[in-house]
Each structure stands twice: as structure tokens, then as C-alpha cells.
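Protein sequence lines, in the order shown, are assigned to chains G and Z.
Residue 430 in my numbering sits at position 430 of the first sequence; the count goes up by one each step and never skips.
Each position in the second sequence, counted from 1, maps to that position plus 585 in my numbering.
Hint data in this document are derived by calculation from the structure and do not stem from the laboratory.
One or more hints might be untrue.
Said to hold, decoys possible - Result set (SDA-like, lysine to any residue): computed pairs, CA atoms no more than 25 Å apart in a straight line:
| # | chain 1 | residue 1 | chain 2 | residue 2 |
| --- | --- | --- | --- | --- |
| 1 | G | LYS477 | G | LEU358 |
| 2 | G | LYS81 | Z | GLY784 |
| 3 | G | LYS163 | Z | GLN744 |
| 4 | G | LYS486 | G | TRP524 |
| 5 | G | LYS81 | G | THR112 |
| 6 | G | LYS115 | Z | TYR742 |
| 7 | G | LYS163 | Z | SER794 |
| 8 | G | LYS174 | G | LYS449 |
| 9 | G | LYS250 | G | LEU215 |
| 10 | G | LYS525 | G | ASP60 |
| 11 | G | LYS449 | G | ASP287 |
| 12 | G | LYS116 | Z | VAL782 |
| 13 | G | LYS168 | Z | TYR742 |
| 14 | G | LYS163 | Z | ARG839 |
| 15 | G | LYS115 | Z | ILE785 |
| 16 | G | LYS81 | Z | ALA787 |
| 17 | G | LYS448 | Z | GLU627 |
| 18 | G | LYS169 | Z | PRO786 |
| 19 | G | LYS163 | Z | ASP783 |
| 20 | G | LYS267 | G | ASN360 |
| 21 | G | LYS116 | Z | LYS745 |
| 22 | G | LYS239 | G | ASN355 |
| 23 | G | LYS566 | G | ASN360 |
| 24 | G | LYS169 | Z | PRO682 |
| 25 | G | LYS525 | G | ARG83 |
| 26 | G | LYS163 | Z | GLY801 |
| 27 | G | LYS168 | Z | ALA848 |
| 28 | G | LYS477 | G | THR378 |
| 29 | G | LYS81 | Z | ILE785 |
| 30 | Z | LYS745 | G | ASN360 |
| 31 | G | LYS169 | Z | SER794 |
| 32 | G | LYS168 | Z | PRO682 |
| 33 | G | LYS169 | Z | GLN632 |
| 34 | G | LYS116 | G | SER76 |
| 35 | G | LYS81 | Z | LEU836 |
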Amino acid sequence: MKRLVSTLALTASLAAFSATGALAADGPTSDDLLKSATNTEAVLTYGMGPQAQRFSPLTDLNADSVKKLVPVWSFSFGGEKQRGQEAQPIVYDGTIYVTGSYSRLYAVDARTGHKKWEYNHRLPDGIMPCCDVVNRGAAIYKDKIYFSTLDARLVALNRETGKVVWNKKLAEYKEGYSNTAAPLIVDGKIITGNSGGEFGVIGMVEARDAETGELVWQRPTIEGNMGTLNGKDSTVTGKTNASWPGDMYKTGGGATWLGGTYDPETKTLFFGTGNPAPWNSHLRPGDNLYTSSTLAINPDNGEIKWHYQTTPHDGWDFDGVNEFVSFDLKKDGKVIKAGGKADRNGFFYVIDRNNGKLINASPFVTKITWAKGIDIETGRPIYNDDNRPGAPATGEAHDAKGKSVFSAPAFLGAKNWMPMAYNPQTELFYVPANEWGMDIWNEPITYKKGAAYLGAGFTIKPLYDDYIGALRAVDPKTGKIVWEYKNPAPLWGGVLTTAGNLVFTGTPEGYLKAFDAKSGQEVWKFQTGSGVVGSPVTWKMDGEQYVAVVSGWGGAVPLWGGDVAKLVKDINQGGSLWVFKLPKA
Amino acid sequence: MSNSVIRFRSALCRGGVLLLATAAPAVAGDGPADPLGSVMWEALRDQYFAGAPVVFDGRVKVMAPTSAEDTRAVPLSVDATALDRVVELVAIADLNPFPLVLRYHPGTASPYIATRIKIQQATAVRGAARTADGVWHVSGVLVDAAGGGCSAPPASYAQKDWADHVGEVQARLWPAGDEGTARLRLRIRHPNDTGLVDGIPAYFIETLSVSAQTAGGSPELARIDSLEPVSENPVFSLDVRPPPDATALILRGRDNQGGEIRATIPMPPPDARPAMSLKAMDPLRSVGQ
Numbered sequence: 001m002k003r004l005v006s007t008l009a010l011t012a013s014l015a016a017f018s019a020t021g022a023l024a025a026d027g028p029t030s031d032d033l034l035k036s037a038t039n040t041e042a043v044l045t046y047g048m049g050p051q052a053q054r055f056s057p058l059t060d061l062n063a064d065s066v067k068k069l070v071p072v073w074s075f076s077f078g079g080e081k082q083r084g085q086e087a088q089p090i091v092y093d094g095t096i097y098v099t100g101s102y103s104r105l106y107a108v109d110a111r112t113g114h115k116k117w118e119y120n121h122r123l124p125d126g127i128m129p130c131c132d133v134v135n136r137g138a139a140i141y142k143d144k145i146y147f148s149t150l151d152a153r154l155v156a157l158n159r160e161t162g163k164v165v166w167n168k169k170l171a172e173y174k175e176g177y178s179n180t181a182a183p184l185i186v187d188g189k190i191i192t193g194n195s196g197g198e199f200g201v202i203g204m205v206e207a208r209d210a211e212t213g214e215l216v217w218q219r220p221t222i223e224g225n226m227g228t229l230n231g232k233d234s235t236v237t238g239k240t241n242a243s244w245p246g247d248m249y250k251t252g253g254g255a256t257w258l259g260g261t262y263d264p265e266t267k268t269l270f271f272g273t274g275n276p277a278p279w280n281s282h283l284r285p286g287d288n289l290y291t292s293s294t295l296a297i298n299p300d301n302g303e304i305k306w307h308y309q310t311t312p313h314d315g316w317d318f319d320g321v322n323e324f325v326s327f328d329l330k331k332d333g334k335v336i337k338a339g340g341k342a343d344r345n346g347f348f349y350v351i352d353r354n355n356g357k358l359i360n361a362s363p364f365v366t367k368i369t370w371a372k373g374i375d376i377e378t379g380r381p382i383y384n385d386d387n388r389p390g391a392p393a394t395g396e397a398h399d400a401k402g403k404s405v406f407s408a409p410a411f412l413g414a415k416n417w418m419p420m421a422y423n424p425q426t427e428l429f430y431v432p433a434n435e436w437g438m439d440i441w442n443e444p445i446t447y448k449k450g451a452a453y454l455g456a457g458f459t460i461k462p463l464y465d466d467y468i469g470a471l472r473a474v475d476p477k478t479g480k481i482v483w484e485y486k487n488p489a490p491l492w493g494g495v496l497t498t499a500g501n502l503v504f505t506g507t508p509e510g511y512l513k514a515f516d517a518k519s520g521q522e523v524w525k526f527q528t529g530s531g532v533v534g535s536p537v538t539w540k541m542d543g544e545q546y547v548a549v550v551s552g553w554g555g556a557v558p559l560w561g562g563d564v565a566k567l568v569k570d571i572n573q574g575g576s577l578w579v580f581k582l583p584k585a
Numbered sequence: 586m587s588n589s590v591i592r593f594r595s596a597l598c599r600g601g602v603l604l605l606a607t608a609a610p611a612v613a614g615d616g617p618a619d620p621l622g623s624v625m626w627e628a629l630r631d632q633y634f635a636g637a638p639v640v641f642d643g644r645v646k647v648m649a650p651t652s653a654e655d656t657r658a659v660p661l662s663v664d665a666t667a668l669d670r671v672v673e674l675v676a677i678a679d680l681n682p683f684p685l686v687l688r689y690h691p692g693t694a695s696p697y698i699a700t701r702i703k704i705q706q707a708t709a710v711r712g713a714a715r716t717a718d719g720v721w722h723v724s725g726v727l728v729d730a731a732g733g734g735c736s737a738p739p740a741s742y743a744q745k746d747w748a749d750h751v752g753e754v755q756a757r758l759w760p761a762g763d764e765g766t767a768r769l770r771l772r773i774r775h776p777n778d779t780g781l782v783d784g785i786p787a788y789f790i791e792t793l794s795v796s797a798q799t800a801g802g803s804p805e806l807a808r809i810d811s812l813e814p815v816s817e818n819p820v821f822s823l824d825v826r827p828p829p830d831a832t833a834l835i836l837r838g839r840d841n842q843g844g845e846i847r848a849t850i851p852m853p854p855p856d857a858r859p860a861m862s863l864k865a866m867d868p869l870r871s872v873g874q
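With the hints as extra help, turn the sequences into a complete structure.
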């Protein structure tokens, strides 16, 4: 009898074990992804939640206990391939999934740093990434892990084995397309943007079935181009030639190279669109919709709900891809479903996410030359016409460049790709900003498939001797800057904030730093050995709070940074994942 | 010299048959000694034939050159048509960094496959056929070679546009001859890269499946699980049995990066003649006897 009881107990415990085992093996569901912002045991989405607030409710680490945060292990990406590491890790079921430069993906045991598998994508020789061979992260859903590659493909792998399940072409890399953003998964669809804004491509948002990779819908970002739904033409974007002359909309740019965010409350995708092509704005009179905009898109069919254009008729490469972060704006006793966007053009926008109406816009850098401000009623910039680079000379003197102007921010932006964070407890945005300007002039240009389509020359300059980077706490209610941290080199990494009153970000000088979220006081730092230009994450495992970040200097600054590139040329490259924890007392 | 080798082989052949007859459920760790004297034999046997009975059997004919002219593309054929009911063929190059070359599931096809492989250094090259009773019948030859076939970068990378042609297929099907099988030859453009060259990821064909297009469906005729040692731009010769109502053969495959291979191979024209036989003319070259 005793033996029978123990056998039964064993059977029961085995059943329980296999039930939890099955859950982990099945992987995260759509619902898990939608609720990922409050899941402190995992990091399931790029942005630490579909709204991309990069906020963790964890409180073990705080401005005091952070002093005890120590490294647990470091993992090298290996090989001869270094360059910029801009990824945000994904953490699930004791495994960290992290992408590296040159289209590589790793699965690493979160507790030990032991490599489970590695996938190296074989890139053709002719890829044309404009701004370094980076990747910003993977997406997880059910039994698969996904990432996009520099030859504009989307690869789905079994997350346990690293074996490729499918590999779909997103676009033709020979025409200048590439892909560096983390995919977004909503209701079983995997949604991607595209890169290649410097080559006259057409910006595109696409949804595919996450199981099969088959295309569901496509939405071009430039007016006049046809979208598709379930393999058939759907609707034309905007109204043909309403804001573009002639055929220029066919090579109009507007790349969605940073991917998008999703708001489960209004069931809306938000994708930022890049600069119009070519850079020379005199060739394309009009607003050039929907370049340098935020598009609100229905995830079911790819239809545009609303748009907000931050830089109409852009002439400075004020690419508007910057992430749109949904948040609840508490103002005058009301709660408004709003979104925040720190634009490359230097203004911080607060927009009603139900309808795209501007609520507030204020500078988050010290110097903006191209506009005097943003008209809150019309939502349009009040331009400084003198600060638009002049048209190139025509006729006999065809090679002559147009009038050069000094403009701030520089084309690398008051804020570039690096994602900001929003803390609902301090009600502040934490924006990684840069203070720089540029001399910019226009040159004659014609479009050639697969060739750079700029029509402009430029050189970037710091505005101040002592710093370029500035991490700024922005109050979305007032537009005021509550605190700032100045960094000598330009900031190029993402930001994380926590309920423990902390803000984390990395520096090109190699540090991962933590700040008091209310005061901005630096409370912790760790030297990772190379520049930090990735996005940190935090989660709880075995009762301890962990922090992870990738280290490896690179990105657009050393390639396009002009005078600034000189300042950072002595930073050594790298390629590693660092994991820290707050040990149990 | 030659005569003594033949006698040696003959003795082994008898030993193998004896083993099959009397000690069929042989376990890993013991079994007949390797007639090729390869230092890797016992390890490879345990890895690839784990626990299954293994015999050296001259009825499996392995053809490869005595000395490899180009270590990146050494011709190799494995012919087990002398055996009944073969369900799987494998090819192994003992001293390669990846010894397993391919697994061939002949299905309704004849148990014969020919291809080209990379050889890293002088090595025993083997063919093994698993019959329906679970016994592996092994044979092989020694191939002398200068080093480096597996760790040299594919020659196609010298051309800037190599990526444009990956997955292209050249194929030809001949009508069935006296033996009732139709020769199918496939050539696929692919770097088939081992990943052993610094900074270049592994990139090779993993699966190839041949099926027949018929009004009633598309039954699979044969399948190859191909691995790193198969040469760049691999060539395969198979002897398939298309059903009489087949209108074409379909080749479907993919590489380890999810790259897809698709080709439709037309049936031979009415006046075409069967392919010349490529079968071993000198079976004594194959040492399994």
C-alpha cells in the first residue's frame, strides 16, 4: 500500500513537471507579448512592452542598493566581426537571445553565460547598410525567435535549437534596402519596417504571418504608392501628387528603419518614417508626405489611421523615425491617451494618440536653427527660411554647390535611433540627446538605382567643447527639462528606467551608468571595455534582479560624424553581452 | 603486392558474412576490425551506427580516386545495388573535420548515389548501406590527398555576384534503361561552405527531395540529407524510378540558412536514350570485402 502511494505521488509530480515544461516549450503567446510591460520575470519585447516605455516595475534595485550591482558574466560575440552592437536582449525561460553586428543571433544561458547556439547569417558581398552593420534586436513568439538581416531578409529560427524555420526576403538589398530594426509581433503577425533611406527606396511597413512568413499586408509610406492586403492591391497611400511633384514619389524615401511600437489600448501601430529622398529639398517642393512623420496604422489591414508630420519638406535629414511611446498624460485633472516623440529635429512632441493632434512641442536641445518653434494650433513648424540650405546652381555652373548654412541639430539628430524611456512614477521621459550642428549644402543629383541619393554635402560639428551627449529628463506636461547629465562623447545607446527610481544608459566611453530618476545624480557605473550603444534591460530570476546590456562601439557616429568622429576614434571596438545582478543579501 | 591485398580483402569478406550469420545483434564497441586500418573507425562506427550490427561487405561498391586531384571536389560513388532492400546509404570521410558527408534515403530509387566531396587530408572514404533488417554493410577506399579541401574558401566567392546564383539548378533526366531505373543528374549552385574559414559562416545545402509530378499527387522518390563535406556547387547522380504517369520531377531543397531550392525537371524527350552506366567497372578497388 505504501508503495502504491509513493508511485501515485511520483506520477503526480511528473505530470506537474511536464505541464510546466510544456508551457515553457510552447513559448510566449500573443497575450504574453501584449502584457510584457508588467512581466518582471522576462523581457519579451523590444521596448520592454509593446508601448516601448522601457520601464520595469522592479524595485529591488534602487538609487541606494544599486551600489551593490555586480557583473555575473560576460559573453563574447566572437569572430573577427566587431563594429557597433546596438541590440536590446530578449530574456525568456532562463535564456537570453541577443543579436550582434553582421546579422548574428545568439542564445545564451541567462544564469551561466554558456552559449546554447549561434546563428551567423551569410551576407552577400554587396550589402549597403548606410550606418554600420548593426542590429537592434530579436522578437520572440511561441517556439520561434526572429530577426532581420542586413541583406533585407527576415529569419525565423527554432528558439531551442537555433535551426532556421524560414527565411523570407523583405526587399532587394541591391537596390539599397537593408534591415536593422527589431521586428514587432502583434496578434500573430510579425511587423517590420525597412532601411535604405539614403538610396531613394520607398519606406514600407509590412505584416507577415508569424508562423509561415507569408505576407499579409504592405503599407508604403509615400503618398501615391499602392498598398496590398492578402495578396491583392488595397489602397493608395495618401493622394497621388498632393505633396510630391511628378514621379518623385516613386523614389521618395520615408524608410521605416527603426521599426515600430504598438498600443494595445487603441489597437494602433506607430511607425516613424525617415527623411525624404533626395536630401536636396529644392528638387521636391511640397510637404513630401508621409516622410519625417509618425504614422498610426491599423494592425489588421495596414490602413493609416492618422499621421503627424514633424518636419514637412525636410531639407536637413531630420528623419522622423524616432519611436512614438504611448503613455497616459495626466494634465489638468484629466488623463489623455498620449504619445511622446523626441524627434531628430530637436523638438519633443506630445501627441494625442487617438487622433494625432499635437498637444505640446518643446525643444529638448539647446540650439534649434531651422525653426522658431512649432505652432500648437496647426501642428506645423515655424521655419527659419534662411536656414534651409540653398538650391545648387543650374545651367552652365551646374556643378556648383548651393549656399551652405550652419544648422542645428545636425543630421545625426538631436536624438537618433537610441530609444528613450518613460517612467510612469516620475512621469518623466528620459531622452538620450546630442548637441551638435552641421554645415550643409546641396549639390546636383539624379536618381540611380542602388546608388546613394543625397544631393547634399555636410560636415558635423560639436556645439560645445565639454560635451555632446546629454541625457535629459523631460516633463511631457510642460516640456521643461527637469535634469540633465552631460557626456563628453555623443550618446548612442538606449535608456531603461525602473520603479526603483533609476535610469540606466550606456556611454561610448564604455560605461553602463545608473542615475537617480528624480534628481539625475549618477549613482553607479561599470566599465564594459568598449563603447555601450545598445539598450539595457532588467528582469528578475531566482529571486534576484538582473541587468543586461551589450557592449561594442560603432554605429553611425564613427562613419558620419565629421569632426566628432575624430573625438571618438580612439574608442576600441568590442562585441559582448554583460550581465549584472543584485545578489541576495 | 596487389595480389596479397586482394587475398586480405577476401578473408575479411568471409569474416563479415560470418558475423552477419552468427552474431547479427552485434553491439557497439566490438565487431570486425577495419580493413582500411583507419584510426577513426571505432569512434565513427559508434557515432553513426550506434549499436546497430555492422559488417564489412564488398557488395557495397565505393568508387573514388586513389589520389585526389582537387581536394575540394573528389568524385565519390556508393553503389549498394547488389544488396536487397536498402533503406539508407551514408558516405563518410574518416579524417574530415565533419566526417559524415551525406545520408541518402533512396525510397523507390536504386541504392546508388554519386557526388563530389571535399577531403581535408588523405583518408578512408566509406559507403555504408543499411538494409531493412537493420544491418549496416560497410565498404570503402583510401584516397590520398594534399590537405585543405574543407577549410579553403569556396572558389565562387571570387566572383562578386556569387549570391545572385545561389540555388540555381541544372538537371537532366534520362529514360529508364535495362535496369529499370532512370538516371537523374542534379547540379546546384551553392557555396556549400563548411564555416571553417575565419569570418565566413557555415552555409550549405541540408536537404534535397525529388518527387514526381503526377495527376494523383507528388510522391517522393528519394531524399538526400546533405552536409558540409559535399563539394561547392554540388553534383548528384541518382537512379530513380518515376511512376509511368509522371509529367515531370520536382526538386525541393533548402540550405542551413533557410534558403530554398526549387526546380522542375522535365521528363526526357521521346527519342532520348538511357544514360551510360557509371557503375564501378573494377569492384576490387573498393575495400570492404
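Hint check results:
no. : hint                : in the structure
1   : G/LYS477 x G/LEU358 : 13 Å, holds
2   : G/LYS81 x Z/GLY784  : 7 Å, holds
3   : G/LYS163 x Z/GLN744 : 28 Å, violated
4   : G/LYS486 x G/TRP524 : 15 Å, holds
5   : G/LYS81 x G/THR112  : 24 Å, holds
6   : G/LYS115 x Z/TYR742 : 30 Å, violated
7   : G/LYS163 x Z/SER794 : 19 Å, holds
8   : G/LYS174 x G/LYS449 : 8 Å, holds
9   : G/LYS250 x G/LEU215 : 22 Å, holds
10  : G/LYS525 x G/ASP60  : 17 Å, holds
11  : G/LYS449 x G/ASP287 : 24 Å, holds
12  : G/LYS116 x Z/VAL782 : 22 Å, holds
13  : G/LYS168 x Z/TYR742 : 23 Å, holds
14  : G/LYS163 x Z/ARG839 : 12 Å, holds
15  : G/LYS115 x Z/ILE785 : 19 Å, holds
16  : G/LYS81 x Z/ALA787  : 15 Å, holds
17  : G/LYS448 x Z/GLU627 : 61 Å, violated
18  : G/LYS169 x Z/PRO786 : 19 Å, holds
19  : G/LYS163 x Z/ASP783 : 21 Å, holds
20  : G/LYS267 x G/ASN360 : 23 Å, holds
21  : G/LYS116 x Z/LYS745 : 34 Å, violated
22  : G/LYS239 x G/ASN355 : 19 Å, holds
23  : G/LYS566 x G/ASN360 : 37 Å, violated
24  : G/LYS169 x Z/PRO682 : 32 Å, violated
25  : G/LYS525 x G/ARG83  : 23 Å, holds
26  : G/LYS163 x Z/GLY801 : 33 Å, violated
27  : G/LYS168 x Z/ALA848 : 18 Å, holds
28  : G/LYS477 x G/THR378 : 19 Å, holds
29  : G/LYS81 x Z/ILE785  : 10 Å, holds
30  : Z/LYS745 x G/ASN360 : 51 Å, violated
31  : G/LYS169 x Z/SER794 : 23 Å, holds
32  : G/LYS168 x Z/PRO682 : 31 Å, violated
33  : G/LYS169 x Z/GLN632 : 37 Å, violated
34  : G/LYS116 x G/SER76  : 13 Å, holds
35  : G/LYS81 x Z/LEU836  : 36 Å, violated
Of the hints listed earlier, those the structure fails to meet are numbers 3, 6, 17, 21, 23, 24, 26, 30, 32, 33, 35, in rising order.
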